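There are 2 protein chains.
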Amino acid sequence: MRVSYIRSLGTFTLLKVQHNSYRSTINLKAQIRTQAMSNQQMFLWWGSGSCPCWKPMIVLAEKGLWKGLPNKLISFDEEEYRCSDILAINPRGQVPTFKDGELVVNESNAICMYLEEKYSTAENRLLPETPEQRSTVYWKIFEASNVEIKVLDALAYYFYYTKKEDRNDEVIKEKVATAKTELSHWEKDYPALRKYYDTITARPSVQATWPPHWREGPTAENHLAAL
Amino acid sequence: MRVSYIRSLGTFTLLKVQHNSYRSTINLKAQIRTQAMSNQQMFLWWGSGSCPCWKPMIVLAEKGLWKGLPNKLISFDEEEYRCSDILAINPRGQVPTFKDGELVVNESNAICMYLEEKYSTAENRLLPETPEQRSTVYWKIFEASNVEIKVLDALAYYFYYTKKEDRNDEVIKEKVATAKTELSHWEKDYPALRKYYDTITARPSVQATWPPHWREGPTAENHLAAL
Numbered sequence: 357m358r359v360s361y362i363r364s365l366g367t368f369t370l371l372k373v374q375h376n377s378y379r380s381t382i383n384l385k386a387q388i389r390t391q392a393m394s395n396q397q398m399f400l401w402w403g404s405g406s407c408p409c410w411k412p413m414i415v416l417a418e419k420g421l422w423k424g425l426p427n428k429l430i431s432f433d434e435e436e437y438r439c440s441d442i443l444a445i446n447p448r449g450q451v452p453t454f455k456d457g458e459l460v461v462n463e464s465n466a467i468c469m470y471l472e473e474k475y476s477t478a479e480n481r482l483l484p485e486t487p488e489q490r491s492t493v494y495w496k497i498f499e500a501s502n503v504e505i506k507v508l509d510a511l512a513y514y515f516y517y518t519k520k521e522d523r524n525d526e527v528i529k530e531k532v533a534t535a536k537t538e539l540s541h542w543e544k545d546y547p548a549l550r551k552y553y554d555t556i557t558a559r560p561s562v563q564a565t566w567p568p569h570w571r572e573g574p575t576a577e578n579h580l581a582a583l
Numbered sequence: 357m358r359v360s361y362i363r364s365l366g367t368f369t370l371l372k373v374q375h376n377s378y379r380s381t382i383n384l385k386a387q388i389r390t391q392a393m394s395n396q397q398m399f400l401w402w403g404s405g406s407c408p409c410w411k412p413m414i415v416l417a418e419k420g421l422w423k424g425l426p427n428k429l430i431s432f433d434e435e436e437y438r439c440s441d442i443l444a445i446n447p448r449g450q451v452p453t454f455k456d457g458e459l460v461v462n463e464s465n466a467i468c469m470y471l472e473e474k475y476s477t478a479e480n481r482l483l484p485e486t487p488e489q490r491s492t493v494y495w496k497i498f499e500a501s502n503v504e505i506k507v508l509d510a511l512a513y514y515f516y517y518t519k520k521e522d523r524n525d526e527v528i529k530e531k532v533a534t535a536k537t538e539l540s541h542w543e544k545d546y547p548a549l550r551k552y553y554d555t556i557t558a559r560p561s562v563q564a565t566w567p568p569h570w571r572e573g574p575t576a577e578n579h580l581a582a583l
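If you read the protein sequences in the order shown, they are chains A and G.
When you read off a place in the first sequence, starting at 1, and then add 356, the result is the number in the working numbering.
When you read off a place in the second sequence, starting at 1, and then add 356, the result is the number in the working numbering.
Please keep in mind that the hints were generated in silico from the structure rather than gathered at the bench.
Computed from a predicted model, the values in this text were never measured in an experiment.
Where hints are given, some of them may not hold.
Each pair may be met inside one copy or between any two copies, as identical chains are not told apart.
Lysine-lysine pairs mimicking DSS-like chemistry, simulated, CA-CA at most 30 Å apart [to be verified]:
1. K455 with K536
2. K455 with K544
3. K544 with K428
4. K529 with K428
5. K520 with K506
6. K536 with K423
7. K520 with K455
8. K536 with K520
9. K411 with K428
10. K496 with K411
11. K423 with K544
Chain A on its own, in the form it takes in the complex (with noise of 0.2 Å):
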């Protein structure tokens, strides 16, 4: 290991040390730069209620850059998700479409994993610091693509796209039974997720982003009552 060099930085001291381990490579000066943090230069479009688009909007007021962000609510019900501006640097046409200076990210998960990289002081990090505390966070990460599938477009899009009159009780018997399988496994290995969700809902993070059409009052129907 090899300090190569010291050098002042405005109020910050900027470290370069040399070696051959992983994590030294990593360039200090971006952490610096950090300290002074814009959002300025960012631009999120997004729509009200899709679990993708608060992701990271969450992380955003996290790293308390949410707050004057510039940004567009787009409409899902006449599809300004594929509007040109969107189209342009995501060609799936999908919220959330973000933007930092010249840098386009897209797919909620890797802005979030951008945000908490580029954005973080030991203040409000979000990731833990070990790799072996970090994997367990990965892992549900991943995982919870499950409860997207067998909960949220099986149960809750089913309601949604189908009229009353066309639904299935035997369909829905089954879409239930596949979602509450899905629930046990994460019940099982947490058995006070309630008291988790009543703790992150009251995160001054999670109020400044509940998504606005949700607080004009409850909508018509409960796609997840037989949960």
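Could you slot chain G onto chain A? The hints should help.
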């Protein structure tokens, strides 16, 4: 920033840096420990020809950790992924299932992330250095689930699970169209995909972990011939 102490740790030096930025809180000790890498405390349950299994196997091989790694090749036909050893630490009964000492990591991408963070050196790191560069890799890791859903699940598994006499030409036509649309997203951004494939498959890590039953000869049917 404050260098609090420097002390010798075997032939390596441990430099503990304390300041307010994120990365500094990563335990440098963990990096140094990896200089003497061992795989004897690891265990991988895997299946031949499974993409989720192959991913961490390639990463292990890239880190020089595949050779001699305690592992079990399970049989999909005999549903050995539901064996008690696996179910005890992976209630979904899936492969890959991975252990590193007492630490369990499941979900293929999470295993890859863990191995990259824990066992990388400057020579074998797979992720790029800066948050900006890594953000694109993360984007593509999460985006790649579309290939799994729209090409593999939709098309390959239809052929795999549907007897020839039960196949429907209209259904196939629709599934092929979906798969082609998906692949076009990748070909537009990465026109040299074929060259990339050839470069990747030539790597020793890929050759060393090639699904053994694929070496025995071609499978009965090319499920992606329509593409």
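Consistency of the hints with the structure:
1. K455 with K536: Result: close only across copies, 28 Å inter versus 37 Å intra.
2. K455 with K544: The answer is between: 20 Å across copies meets 30 Å, while 38 Å in one copy does not.
3. K544 with K428: The answer is between: 27 Å across copies meets 30 Å, while 39 Å in one copy does not.
4. K529 with K428: neither (39 Å within a copy, 37 Å between copies)
5. K520 with K506: both (21 Å within a copy, 29 Å between copies)
6. K536 with K423: Intra 37 Å, inter 41 Å, cutoff 30 Å: neither.
7. K520 with K455: This pair counts as neither: shortest intra-copy Cα distance 40 Å, inter-copy 47 Å.
8. K536 with K520: Cα proximity of K536 and K520: one copy only (22 Å, versus 34 Å across).
9. K411 with K428: For K411 and K428, the Cα distance is within 30 Å only inside one copy (16 Å; across copies 37 Å).
10. K496 with K411: both (14 Å within a copy, 18 Å between copies)
11. K423 with K544: Neither. Shortest intra-copy (37 Å) and inter-copy (35 Å) distances fail the 30 Å Cα cut-off.
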